[in-house]
Amino acid sequence: MFPPTLCMASFSKFTCLILPNYAIPDWFWNLPSSELNYLNLSSNKISGSIPNLPLEFGELPLLGLLDLGDNELTGIIPPWIGERLDGLIVLRLRSNEFHGNIPSTLCRLLFLQVLNLSLNNISGVIPSCLNKLTAMASVASSEAMTYLWEGSFGITDDDNFIFSFNDHLLVVWKGFERVYGNTLGMLKSIDLSRNKLSGEIPRELASLEGLINLNLSRNMLRGSIIREIGQSKSLESLDLSTNNLSGEIPESMSELSFLSVLDLSNNKLSGKIPSSTQLQSFNAISYSGNLRLCGEPLSKCPEDEPPKLPNNGGIERSSEGLFEPLVFYCDGYWIPCRILGDFWFIGD
Numbered sequence: 022m023f024p025p026t027l028c029m030a031s032f033s034k035f036t037c038l039i040l041p042n043y044a045i046p047d048w049f050w051n052l053p054s055s056e057l058n059y060l061n062l063s064s065n066k067i068s069g070s071i072p073n074l075p076l077e078f079g080e081l082p083l084l085g086l087l088d089l090g091d092n093e094l095t096g097i098i099p100p101w102i103g104e105r106l107d108g109l110i111v112l113r114l115r116s117n118e119f120h121g122n123i124p125s126t127l128c129r130l131l132f133l134q135v136l137n138l139s140l141n142n143i144s145g146v147i148p149s150c151l152n153k154l155t156a157m158a159s160v161a162s163s164e165a166m167t168y169l170w171e172g173s174f175g176i177t178d179d180d181n182f183i184f185s186f187n188d189h190l191l192v193v194w195k196g197f198e199r200v201y202g203n204t205l206g207m208l209k210s211i212d213l214s215r216n217k218l219s220g221e222i223p224r225e226l227a228s229l230e231g232l233i234n235l236n237l238s239r240n241m242l243r244g245s246i247i248r249e250i251g252q253s254k255s256l257e258s259l260d261l262s263t264n265n266l267s268g269e270i271p272e273s274m275s276e277l278s279f280l281s282v283l284d285l286s287n288n289k290l291s292g293k294i295p296s297s298t299q300l301q302s303f304n305a306i307s308y309s310g311n312l313r314l315c316g317e318p319l320s321k322c323p324e325d326e327p328p329k330l331p332n333n334g335g336i337e338r339s340s341e342g343l344f345e346p347l348v349f350y351c352d353g354y355w356i357p358c359r360i361l362g363d364f365w366f367i368g369d
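When you read off a place in the sequence shown, starting at 1, and then add 21, the result is the number in the working numbering.
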């Protein structure tokens with residue numbers, strides 16, 4: 022179970038704790054740190070629900086990363102995460118057994134850059150208020166992002182030991198598990214895949230212009246792909262596969278010039294794939310499982326097929342089924358004839 026002594030711990034100076042793939046030792050719960058800014062308890066087989074933090078525990082405004090992924094946690098995602106951890110940059114709760122809705126309080130996490138709730142049993146709709154995650158809405162320079170990342174974690178160039186831990190994170194992106202190192206501060210990602218989410222994709226997500234990775238695959242989403250998706254110009258990876266999405270692929274998707282991974286397979290999309298260098302660069306598997314979808318790299322649409330030539334070589338038949346009579350004049354001869362008719366007559 023999630024150790025109840027967490028709520029009794031006395032933290033005053035401890036800032037960073039990483040215990041992935043290890044059993045949590047008893048001494049952890051007495052570590053002093055009211056300035057905790059990095060908490061990684063992933064892959065520890067922690068079960069039960071996340072307890073409410075008591076008021077005397079206070080808020081954790083400096084906590085920049087909370088990783089409880091790959092455990093056996095149950096219950097709902099507690100709303101207090103968005104109410105009392107307002108300095109979070111990374112929230113990773115993937116691969117647990119959470120159920121219920123995504124709490125709207127997560128929309129208060131204005132500094133959040135990585136949200137991973139994948140591989141759970143979360144249901145309901147995607148909150149439209151996610152467009153309030155302003156750190157994902159801005160396209161900041163690398164210098165600005167480095168400042169935000171290092172400042173939130175208290176990392177300096179002289180603090181290489183802390184940096185080596187704090188600036189690394191396992192992220193499932195572009196279909197693979199990747200460990201992000203020094204460039205993690207520039208990653209902006211939402212992964213809600215492999216849940217039971219329903220309803221439509223909120224068009225407000227398109228306003229997250231700094232978003233690099235969006236994975237909503239393997240849910241029960243319906244409706245069309247939002248027409249405004251082209252506004253998310255920083256997208257490099259988009260996975261909407263294995264849902265119930267219908268309608269046409271919006272033309273604005275051809276404006277995603279940085280897109281290098283696309284998976285729209287196993288939906289109910291129809292119509293012609295918009296023509297662009299970007300969308301035609303992906304192979305057919307990116308669009309497979311949409312029986313009414315056509316155009317490169319899939320088979321041609323009916324309207325793109327070349328017109329078929331008549332089988333009679335271009336000579337039209339009369340209404341009686343015979344060829345039209347023709348008359349020729351050659352060297353003083355009148356030659357009435359009926360081509361391929363019943364007879365020929367040539368006179369002088």
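Please keep in mind that the hints were generated in silico from the structure rather than gathered at the bench.
One should not assume that every hint holds.
What follows is a set of in silico ranges between Cβ atoms, one per label pair, in the way DEER data are often shown [as the list claims (entries may be wrong)]:
id, residue 1, residue 2, range
1, N265, I306, 16 to 22 Å
2, K66, L312, 38 to 44 Å
3, P100, D325, 50 to 56 Å
4, P327, T155, 24 to 30 Å
5, K66, S291, 42 to 48 Å
For clarity, every value in this text was computed on a predicted model and none was experimentally measured.
Even glycine gets a Cβ: it sits at the ideal position worked out from N, Cα and C.
Report task. List in ascending order the numbers of the hints, as given earlier, that are violated by the structure. Result -> Checked against the structure, the only hint that fails is number 4, while the rest are satisfied.
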